[in-house]
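Take a look at the letters that make up each chain.
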Amino acid sequence: MFRALGSITAIVVLSASAVGDDVRFDRDIRPILSDACFHCHGPDAEGRPTDLRLDTSDGLRADLGDGLRAVVPGDLSKSELWHRVASRDADVQMPPPDSGRKLTSKQIDTLKCWIEQGAEWEPHWSFARPKRPTPPPVANDWARNPIDPFVQRKLATAELSPSPEASKETLVRRLTLDLTGLPPTLDEIDAFLADESPDAYERLVDRLLASPRYGEWMALPWLDAARYADTNGFQQDRTRTMWPWRDWVVRQLNENVPYDRFTVEQLAGDLLPNATTEQFLASGFHRNHMLNGEGGRIAEESRVEYVVDRVETTSTVWMGLTLGCARCHDHKYDPFTQREFYELYAYFNNVDESGRVDAGGNAKPVMPYPLPDQQYRIESLETRIAGLERELKQRPPVDEATFAAWERKLRAEVEASDASGWRVVVPHEFSSENGQTMTLLDDRSIFVTGENPAKDVYYVRTKLAPGTITGLRLEALPHESFTNGGLARSNSGNFVLTELEVEMDVKLTETSGSAESVKIGSAFASHEQGSLKITNAFDGNPNSGWAVLDGTAISKPRTGVFVFAHPLEVPANATLLLRLKQESVHASHNIGRFRLSVTSVEKPSLDGGNGLPDGVLAALAVRAADRTDHQKTALLDHFHATSARSRKLRAEAATARKSLADVRKATPQVMVMRERSTPRKTNVLIRGAYDKYGDEVTAALPSTLESPDLPAEADSRLDLANWLVDPDHPLTARVTVNRHWQHFFGNGLVRTPEDFGSQGQRPTHPELLDWLATEFVRSGWDVKHLHRLIVTSAAYRQSSNVTPERLAADPDNALLARGARHRLSAFGLRDQALALAGLLVERRGGPPVKPYQPARIWADFSFDKIKYVQDHGDALYRRTLYTFWRRSVGPTTLFDTSARQVCTVDVRRTNTPLHALTTLNDVTFAEAARKFAERIVREGGDTDDARVTWAFRSATARRPTAAELAVLRRAIERSRDHYRENAAEVDAVLSVGESPVDGSLDRTEIAAWSAVASLIINLDEVLVRE
Amino acid sequence: MNSHRHDAAAAAQLESTRRWFFGRSATGIGTAALATCLAKSGLAAETPSSGGLPGLPHFAAKAKRVIYLFQSGAPSHLDLYDHKPNLADQRGADLPDSIRMGQRLTTMTAGQKKLPVLPSITTFDRHGDSGATVCNFLPHIAGVADDLCFVKSMYTEAINHAPATTFVLSGAENPGRPSLGAWLAYGLGSDNDNLPTFCAMTSRDKEKSCGQLFYDYYWGSGFLPSKYQGVKFRDTGDPVLYLSNPSGVSRDLRRGLLDDLGELNRIKHDAVGDPEIETRIAQYEMAFRMQTSVPDLVDLTKEPKHVLDMYGPDVHRRGSFAYNCLIARKLAEKGVRFVQLMHAGWDQHRNLPTQLEIQCRDTDQPSAALVHDLKQRGLLEDTLVVWGGEFGRTPFCQGDMNAKAYGRDHHPRAFTVWMAGGGAKPGHTHGKTDDYAYNVAEDGVHVHDLQATILHLLGIDHERLTFKYQGRHFRLTDVHGHVVEDVVA
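Protein chains in written order, with the numbering used here: chain R, 1 to 1026; chain B, 1027 to 1515.
No lab work stands behind these hints: they were computed from the structure. Keep in mind that the hints are not guaranteed to be accurate.
To be verified - Straight-line alpha carbon distances no greater than 30 Å define the calculated DSSO-like cross-link-like pairs of lysine-lysine that follow: (1) Lys1140(B) <-> Lys865(R); (2) Lys409(R) <-> Lys131(R); (3) Lys463(R) <-> Lys507(R); (4) Lys648(R) <-> Lys665(R); (5) Lys1140(B) <-> Lys692(R); (6) Lys463(R) <-> Lys556(R); (7) Lys1088(B) <-> Lys1356(B); (8) Lys556(R) <-> Lys603(R); (9) Lys1232(B) <-> Lys867(R); (10) Lys632(R) <-> Lys648(R); (11) Lys102(R) <-> Lys1088(B); (12) Lys692(R) <-> Lys1139(B); (13) Lys581(R) <-> Lys455(R); (14) Lys1356(B) <-> Lys1451(B); (15) Lys1139(B) <-> Lys865(R); (16) Lys533(R) <-> Lys581(R); (17) Lys78(R) <-> Lys112(R); (18) Lys131(R) <-> Lys784(R).
Unchecked claim - In silico negatives: residues of chain R with every beta carbon more than 12 Å from chain B: (19) Arg153; (20) Asn254; (21) Arg384; (22) Gln901; (23) Ala1008.
What the hints assert, rightly or not - Label pairs and their in silico Cβ distance ranges: (24) Asp1512(B) <-> Lys102(R): 27 to 33 Å; (25) Val1324(B) <-> Arg1003(R): 32 to 38 Å; (26) Thr50(R) <-> Lys1458(B): 37 to 43 Å; (27) Thr1327(B) <-> Arg1003(R): 32 to 38 Å; (28) Ala1086(B) <-> Asp98(R): 49 to 55 Å; (29) Asp987(R) <-> Ala1086(B): 55 to 61 Å; (30) Ala1086(B) <-> Gly838(R): 58 to 64 Å; (31) Glu706(R) <-> Asp1512(B): 50 to 56 Å; (32) Glu939(R) <-> Arg1343(B): 35 to 41 Å; (33) Val1505(B) <-> Ala210(R): 49 to 55 Å.
Using N, Cα and C, we set each Cβ at its ideal position, and we do this for glycine too.
Could you build the full structure based on these sequences and the hints that come with them?
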């Protein structure tokens, strides 16, 4: 294919190997074989029509039968490979003429030389650990740090010299844009120009690296790689909450957290010992993939896609490998088998997820992540509640007369009460098997909160007063926080009690006791739902149960009475233990609030009771002098519990608890990683199909990357993460420094940042790449150190100006004979415009914002199902990092961005009329021009010359030349004449955007300068960084 | 630095774009040059292509451009074109297992106990000299039957809308690949310097019955540089995003501003030597030209009444299928390479008896008018029109066929697509399905085959239009596809 040949030619040129020189397998031969031959004679076993494979040393030399060998070192005539590639006979020629693949004569010559020179084989460069090269000796004083000698040597081989250093004006703008994504202010420019100290540049670098804007800017490529967005994608495209993870990334970058820790926490933060909330949050990296919530989707099919996405993203981001190619078959070009793909898949296959969108717009597992003010509210409410509870426990002294009067009153009440004899029990121990939170409320009911599990068992223990008990009453009570204000947080507010078990424990000595199961003889209830009768709750059948729905929303209590088979004689020191089992097929039908009572009457009734605790009644029945200590305590407890002071404190606590519940409810939930307790099995998926199972596999590392320097085994995702950041890993550091290089130079040293395999491009400066990689590891994966190294190099500080001759010698700047010159990203363009306009609102973090967008973009896409509700005020002027990202229709102001659908690490830069229309006409840019104009008039001086100079300098950091000044002067004059003649248009210009107009300025002047401001914002020099 | 890294062909392409721009603007693009550009009009054939790959087309092209009338939701082939009179007697009978052969169903009918045969709810006649079978809901399409080439043996892989649509438009079920129009813009370049090479428009039925969403990637460039993506013509606000000047900026003032901008950029170019600046100047000029060429294009006031009438009354409603068809003709006239219309509303699971006729009424007259209009202007010869959806519909009923509302489910095993002009054989029918219109019986045409054939008509060998990405040479037809010689005139 001519396209293939094109890129190979480029590689050959770059490797500067003229045929006849030393031909190297890895540099010169593998790229040819990979592109032209590996498809049929490469790593994919099933893709090979014959036994011949050309990607391994053995394969190249193997006896193919009858002594035939592809390659016989040094002997062209015996090398079948040579005969085949040199042949013109269609039946013999390789690649076959109908394959669409073809070798150039130069490639054929290269193969010839290689065989003649001994056909030495080498492993693929990127799969072997980088060895730290010594920087070449320095020939002159150009070099500023170890990067430069490598660059200089390369230039020397091409007989090129470096470009001179860029001007200070260019440098201050270049550096400020590259490190913070915003242009320098005039004050910053002036300060740098005035600073003649030898380390002025280095101090500028330090200042910018320390700016909080640094993290906001550097986060963007990471968000592209992490396919971060604010919605799920696909048809439903619901909103998710992952922005706390985005803010986490910004914080880590600003704090310069070492890249190994940054990696481990994102890949396996959840698995770290005693993982913190922040580490769980970090693990959200691999929950950023799209989620398919379409009706009718097969959940497992979606889930498989998510796991595949994690493998592909991990291999691209950390290893620069295209392992996704091995999902359906062995990799065609690189030595990775399909089985190995699924062995990596196994690391990511055990997340406790269903494949559905099952947690609002998110998918489980999720974690609450309170905002700072919510966290503050939660903490202060918790403190307040604890304080109130402490106060409740403190009892003010009580005089005997008061107590006696109280007791008389209480006795009178009891005597006046009904005969049902129901006495409320006060549980002293209670818990939920599946971790729900239980709170004892004022009315002695137990209130259940927290994550509502599919099934649960409640344990309730209560002390009993001695006597006889004939039955037990369970009141299920409504709460406004439950579904429809009902009895539970199930989908209907209903519950299903599958089994109630009762046991009486008697403490005999300190260390011994007896336990007796209490048999329930009969039961009746206020409501029974069809066949879900109350008697099901003690039939020993775990599948049947009692439920209470009667067709309408439940908002009243429901009561069940369980009559014991035999009256229970309660001795001293007895407790009653209840197990309320809720294990039906109806998920999460767990009782939300309930109260228990006991009675001693022969035939218990459904209702009634004086609400008095069991022990209090017993104590009240005894004369004061005869009361046991236990009875005295019971009465005193009740006295204090019912005092006006207690009631007030409890009311306050209840209010605080309600506020706490409200704050918790409003707290964002973010998606995180969490493993299943029972590991999922992993199988090879035949042809990648979710339901076509091949061999079962377990998590394992790819064999190609095995090395004595690296751990051989990794059982968990955490082990995998640690393996990736092992100092001896061949790929991670190289792939990472290459992406950072790309950030500063527009292109990586490897120009295929997503592919370090045999089909990717070889590094333009292999030794420099290895030096940077080893230096990165040596520094403790210190990202800011790496950035400082790059930007303080002489290579970086070169001017980007180019002559036609030098352009012709190196059109793509692969040799780095000049500085990079490229257009800012669309993020950078908007940020820059807002900064020049003085509109930028630098609030950091928080939920995404919705700035200007033309009408009906979302509505048109979604047939009116989703509408864009634009924000106002400050939200219009936040950095573009914070703009809401809907995957199905990204922000319209942006172009050439990643679609944020799958992992993207390469950079796109095209040049189209649509981009021009955006920066000329989008209200974002038109308003920025208007506000920039106000600044020009206000701050730029009194004359047109002063003002255009001020504006031009603000945007480019340099003064306009005389020729440029003349054009700009003409521009403002023309514009001013125009608006003087067309006064009606002035109001129109000033009405663009929502920011107020500075009323102290002349309106015609603002309009006139708006046109010039727009011109300046659209200057090529302003759109690019030089 | 520009474009896609090192790809030599892409670089060559870029270089040729630059040369082209500069061949035209060597003396600087000012008002005078602009006037020339604006004055230039006439048929596309007179304008030389620019910006395509060297060596393309691979051989003499029959078509220069394509209008794809994508019928989203999957039109029912056996109610529209694939007439099976024998099914009338089998109404309600279970679809024989020998026909279904264990074929998977969607989760929407997988739970149905029976799969009762539902005969066509329409009646059919034979039309034209070719005797094509077209249902009575499509009288206008029937009227141009002799210009059409029916492929009744289409089949595909996917059973759900989005993957199947993505498959037809990009050759793969998952998003990420370039769409057909992007491949053509990349391979063949532009025949018009005032308008985008690839335009997309969407519409839906007036009743707004349930429709599938239209994702941007349906006309996206995938891994190709994003300049090859389709430009969406919108039905509200600016026809192209950000086309209008901000309020208070007149065209005169903008012209002056662009003159100054161009001059400053040229000064800059002379100082720094970056060729990308020249491209930038050219793109700003093209943007300026689009500000008049696009509104001109969507201005129907100069269109004669008889032409408007031909497209039907809906043509006056911006964003209707009829309106879009007329705009498509105007774009073709201007030499736009690929026009992609997406029309929603064919997904008749439960409303076949009520909705199908309405859907036909919305699309029948405009589709036929487009073919006729292109023909009368001599444009049909080198403009390929394709009409079709993402799959077909089941011959068995979804829901209760004795109730008021019922319909047909998704069916990837067989469906019908028609083509007109651009070297497609007129008055021809290719392929056959079995007696139930369930399986292909003869001359099956896979989606990749259709794509290979479309490229073939444009003079492109589908195996040789490739782009290297992530180490692989990708192409529209993946590793499949055969040209269907029988449909080539």
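Taking the hints in turn, this is what the structure says about them:
1. Lys1140(B) <-> Lys865(R): Violated. Lys1140(B) to Lys865(R) sits at ~34 Å, over the 30 Å cutoff.
2. Lys409(R) <-> Lys131(R): violated, 90 Å
3. Lys463(R) <-> Lys507(R): holds, 11 Å
4. Lys648(R) <-> Lys665(R): Holds, at about 26 Å.
5. Lys1140(B) <-> Lys692(R): With Cα atoms ~27 Å apart, Lys1140(B) and Lys692(R) stay inside 30 Å; holds.
6. Lys463(R) <-> Lys556(R): holds, 28 Å
7. Lys1088(B) <-> Lys1356(B): It holds: about 20 Å lies between the C-alpha atoms, which stays within 30 Å.
8. Lys556(R) <-> Lys603(R): Holds, because 25 Å separates the two Cα atoms, which is no more than 30 Å.
9. Lys1232(B) <-> Lys867(R): holds, 20 Å
10. Lys632(R) <-> Lys648(R): holds, 24 Å
11. Lys102(R) <-> Lys1088(B): With Cα atoms ~28 Å apart, Lys102(R) and Lys1088(B) stay inside 30 Å; holds.
12. Lys692(R) <-> Lys1139(B): Holds, because 26 Å separates the two Cα atoms, which is no more than 30 Å.
13. Lys581(R) <-> Lys455(R): Satisfied, since the Cα-Cα distance of roughly 8 Å is no more than 30 Å.
14. Lys1356(B) <-> Lys1451(B): holds, 24 Å
15. Lys1139(B) <-> Lys865(R): violated, 34 Å
16. Lys533(R) <-> Lys581(R): holds, 15 Å
17. Lys78(R) <-> Lys112(R): holds, 12 Å
18. Lys131(R) <-> Lys784(R): With Cα atoms ~22 Å apart, Lys131(R) and Lys784(R) stay inside 30 Å; holds.
19. Arg153: holds, 22 Å
20. Asn254: holds, 29 Å
21. Arg384: holds, 49 Å
22. Gln901: It is violated; Gln901(R) is separated from chain B by about 6 Å at its closest Cβ, not greater than 12 Å.
23. Ala1008: Since the minimum Cβ distance to chain B is about 10 Å, Ala1008(R) lies within 12 Å and the statement is violated.
24. Asp1512(B) <-> Lys102(R): 27 to 33 Å: The hinted range 27 to 33 Å holds for Asp1512(B) and Lys102(R), with Cβ atoms some 30 Å apart.
25. Val1324(B) <-> Arg1003(R): 32 to 38 Å: Taking Cβ atoms as reference, Val1324(B) and Arg1003(R) lie about 34 Å apart, which means the hint holds.
26. Thr50(R) <-> Lys1458(B): 37 to 43 Å: Holds, since Thr50(R) and Lys1458(B) (Cβ atoms, about 40 Å apart) stay within the stated range.
27. Thr1327(B) <-> Arg1003(R): 32 to 38 Å: About 36 Å separates the Cβ atoms of Thr1327(B) and Arg1003(R), which means 32 to 38 Å holds.
28. Ala1086(B) <-> Asp98(R): 49 to 55 Å: violated, 22 Å
29. Asp987(R) <-> Ala1086(B): 55 to 61 Å: Holds - the Cβ-Cβ distance for Asp987(R) and Ala1086(B), about 59 Å, lies within 55 to 61 Å.
30. Ala1086(B) <-> Gly838(R): 58 to 64 Å: With a Cβ separation near 60 Å, Ala1086(B) and Gly838(R) satisfy 58 to 64 Å, so the hint holds.
31. Glu706(R) <-> Asp1512(B): 50 to 56 Å: holds, 54 Å
32. Glu939(R) <-> Arg1343(B): 35 to 41 Å: violated, 51 Å
33. Val1505(B) <-> Ala210(R): 49 to 55 Å: Check passed, 52 Å falls within 49 to 55 Å.
Hint violations for this structure: numbers 1, 2, 15, 22, 23, 28, 32, all remaining hints satisfied.
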